[in-house]
Amino acid sequence: MICQSCGKHQATTHVKTVINGTVTERNLCAECAQKEGIGTWNPFQGFSGFENPFFSLSNLFGSFLGSSLPETVTRCPVCGSSFHDISESGKVGCSECYDVFYEQLLPSIQRLHGSPSHTGKNPTSQAMQVMPNAELTISEQKGPSQEEQQIAQYEKEMQQAIAKQDFEQAAVLRDRIRELKQKGEK
Amino acid sequence: MIHTNRKWYEKHGPQGDVVISTRIRLARNLPKIPFPERMSQKQREQVEAAVHKAVEHGSAAIAQSLRYVNMQDVSRIEAISMVERHLASPDFISQTSGRALLLAADESISVMVNEEDHVRMQIMMEGMNLEKAYQIASVLDDSLNSSLHFAFHKDLGYLTQCPTNLGTGMRASLMLHLPALQESGIMNRIAGNLSKLGLALRGTYGEGTHSVGALYQLSNQVSLGLSETEAIANLSTIVMQLMDQERKARQQMVREVDKQDQIFRSAAILKSARVLSTDEMMKLLSHVRVGIACGLLSEIPYDTVNALMIRTQPATMSLAYGHEDAIPVQERDTLRAKIVAKALA
Ligand SMILES: [Zn+2]
Ligand SMILES: [Zn+2]
Numbered sequence: 001m002i003c004q005s006c007g008k009h010q011a012t013t014h015v016k017t018v019i020n021g022t023v024t025e026r027n028l029c030a031e032c033a034q035k036e037g038i039g040t041w042n043p044f045q046g047f048s049g050f051e052n053p054f055f056s057l058s059n060l061f062g063s064f065l066g067s068s069l070p071e072t073v074t075r076c077p078v079c080g081s082s083f084h085d086i087s088e089s090g091k092v093g094c095s096e097c098y099d100v101f102y103e104q105l106l107p108s109i110q111r112l113h114g115s116p117s118h119t120g121k122n123p124t125s126q127a128m129q130v131m132p133n134a135e136l137t138i139s140e141q142k143g144p145s146q147e148e149q150q151i152a153q154y155e156k157e158m159q160q161a162i163a164k165q166d167f168e169q170a171a172v173l174r175d176r177i178r179e180l181k182q183k184g185e186k
Numbered sequence: 001m002i003h004t005n006r007k008w009y010e011k012h013g014p015q016g017d018v019v020i021s022t023r024i025r026l027a028r029n030l031p032k033i034p035f036p037e038r039m040s041q042k043q044r045e046q047v048e049a050a051v052h053k054a055v056e057h058g059s060a061a062i063a064q065s066l067r068y069v070n071m072q073d074v075s076r077i078e079a080i081s082m083v084e085r086h087l088a089s090p091d092f093i094s095q096t097s098g099r100a101l102l103l104a105a106d107e108s109i110s111v112m113v114n115e116e117d118h119v120r121m122q123i124m125m126e127g128m129n130l131e132k133a134y135q136i137a138s139v140l141d142d143s144l145n146s147s148l149h150f151a152f153h154k155d156l157g158y159l160t161q162c163p164t165n166l167g168t169g170m171r172a173s174l175m176l177h178l179p180a181l182q183e184s185g186i187m188n189r190i191a192g193n194l195s196k197l198g199l200a201l202r203g204t205y206g207e208g209t210h211s212v213g214a215l216y217q218l219s220n221q222v223s224l225g226l227s228e229t230e231a232i233a234n235l236s237t238i239v240m241q242l243m244d245q246e247r248k249a250r251q252q253m254v255r256e257v258d259k260q261d262q263i264f265r266s267a268a269i270l271k272s273a274r275v276l277s278t279d280e281m282m283k284l285l286s287h288v289r290v291g292i293a294c295g296l297l298s299e300i301p302y303d304t305v306n307a308l309m310i311r312t313q314p315a316t317m318s319l320a321y322g323h324e325d326a327i328p329v330q331e332r333d334t335l336r337a338k339i340v341a342k343a344l345a
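Residue numbers (this note's numbering), protein chains in the order written: chain A, 1 to 186; chain B, 1 to 345.
Just so you know, these hints were derived from the structure itself, not from any lab.
The beta-carbon is built from N, C-alpha and C at its ideal position, and this holds for glycine as well.
Capping the alpha-carbon separation at 27 Å, the derived lysine-lysine pairs in BS3-like fashion look like this:
#1 B:Lys-154 x A:Lys-181
#2 B:Lys-42 x A:Lys-164
#3 B:Lys-53 x B:Lys-42
Cβ-Cβ distance ranges computed for the label pairs, FRET-style:
#4 A:Lys-156 x B:Lys-154: 21 to 29 Å
#5 B:Tyr-321 x A:Ser-115: 47 to 55 Å
#6 B:Glu-324 x A:Ser-82: 40 to 48 Å
Looking from chain A toward chain B, a few residues come up when the C-beta cut is under 10 Å (computed):
#7 Lys-16
#8 Thr-22
#9 Ser-81
#10 Ser-89
#11 Gly-90
#12 Lys-91
#13 Leu-105
#14 Leu-112
#15 Gly-114
#16 Ser-115
#17 Ser-117
#18 Lys-121
#19 Thr-124
#20 Gln-153
#21 Glu-157
#22 Val-172
If we strip away everything but chain B, and leave its shape as in the complex, we get:
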């Protein structure tokens, strides 16, 4: 974080062949003030000011390092880009008044103020980094708690607007690349089994359990009665098994010459296409990822693939190229093709 000004999504981490990123989210609320759904404008401003102050005077250095962004000062395209960069939710940006975002320079820490709860802290890290991400979240939590005194109940834990988040208020998620399992057509069955264990598996892009680019989000559903450490341990155990299955299936898959052909063709298209839609790129990058993991395309770093998945999202790309509005689709697909070709050259 100190040696580089790269964003978290421009790196890869532990188990990076399957686990793209880790996210820890803590939901917290202030006592004696209605939850966001029932707050007055004045109360929104009050909470915003209190959180702002808590961050500035926070005991932890990470709290003080956060940049404060009033959502009303943010352009539409910047706001959409925040969603693409996983910093904010679509719901959060749909109404900007009385809302603020606190942001670390490498974007690994963000705090949404007055989203579904008064405070939603989020730590994003590359690869599988659950323990470390939780540690950071907990330090930030302590620092803010020392002045905000978050609402807590001895039996129900941290009190949240939606009872699904009671207890630890923690949601731990991993973004997984599962192309071989997806191809074997067992994702629905796996998701069904996982839900019985209190975990949810969802497609990241696209609908239901089919996901463009074979990207999935695995997260804990139960937050009451399980400690943070237990929830993280559960998630880790399950993900280890999934990873194992995925890797075995990949080994099998890449023995077929058709699959090898698909991997090399995908790399070739990405390097030389003149027009690339987001969907096509995500599909091709998915094949390339398998190629890297199985040693067929070892010259391409995971970092590059990970960074492309975020940097070529429509709003983020438009913003990076100095546009105040979203670039028209045709132009966007051309620009995306250029960026991808350059990155993989």
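Bound conformation, chain A alone:
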């Protein structure tokens, strides 16, 4: 399929926009999609002619594909995706995939963001952000630690879940508590 904007390149992105009250669907090449700022990026495949190509599939996997392919393909236990599925679509299958394919995903993530490590908001423990080193944790620790507070909170929520017969939620909370306690023991 040829790009509906430039009429030259192969169309790779399907783009939906609302123009004058109707949803318009067009097939665009990567370059034109990028120009219009409405393309869905496939960070695993990179753009031709784009200033900062994220990642070239052929470069990275050329040697891999050239050599013998492993017999068994690793699949994510939650969503069933293989790494091939992910790199083809540019979409990761589920949150678990990031653990299963961590090493393979990392290069393109670094290419995209320049950094592999998150420094922003952390939903599980605010303490990690505030405390720069372990010494500080010990010297400043007075009342219950952030983790102990979190465990207490989860225990409360678990009791409520059980009271409401929401056992699924209770099980999730139980696992979280276990995880936190294990972390504390290390």
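Since chain A is already given, all that's left is putting chain B with the ligands on it; use the hints.
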């Protein structure tokens, strides 16, 4: 928000001569469930129900105040209007099954369920309001997280379907009016420089870096390795410089009598035209905005201009006038002219 039932887009805010609106979007997902691209119908419904429940039982008052809309109960024209009002994406409305939208009364908060990610929270505010919009987003995030426990990885941050959103999952954008910079023909160069700083500048309406009505969207591209506060600070610093350049260029521009003529003529056409297309209106409103900013048309409030840009969009206008289908183009342009003339009278 409490004193008025006006929508966010019917107001103007800080730096309103250049910054029309602020948008903060947070992408979040539930653990152990495939991302939307690979979800089963049953899983879609499961996520929808979980988010619905999380909102109803949310600890924050803002979460509880949201109205739940099942996208399958929404008419086609209402859905398109949601896109025009920046509440939903074109992609979101193209498939309605297993999708829901949560909406605040003034439309400043919306949550798309099962779009590209399981949960996409969005805060829209008038003018330049990055910090405040982020605060609201974060409170809503905490409230939903307490029951949904969003997928998070210690190094990769919030996990998202597309790795471009990893880390904070935050995209902060500002809608800017940059007519003087556009006229000086340096938008491509500016966009190029900004992309090196991890920011994207795009035309809002129209193609590429030329934009009808000189409206541009500036947003952060990097979300991993930069905290929310850092990303917002970066964006603010850059936008301050852009604003400065734009204002200087405007001062220069309006000294020319031709430009003054164009501004007053635009106001006159808007007040008296009988037929107005969206494109023509956007162009004329752009000139009028410059006129207001430079004190030539101080009797016209920014609020009116901002509201017209949304209220006269085809689907939104048809809906407001009780039509179940889009009004035919000819009729629409006539109605638009009437609405604009009345608003500016
Ligand atoms: Zn093209
Ligand atoms: Zn997976």
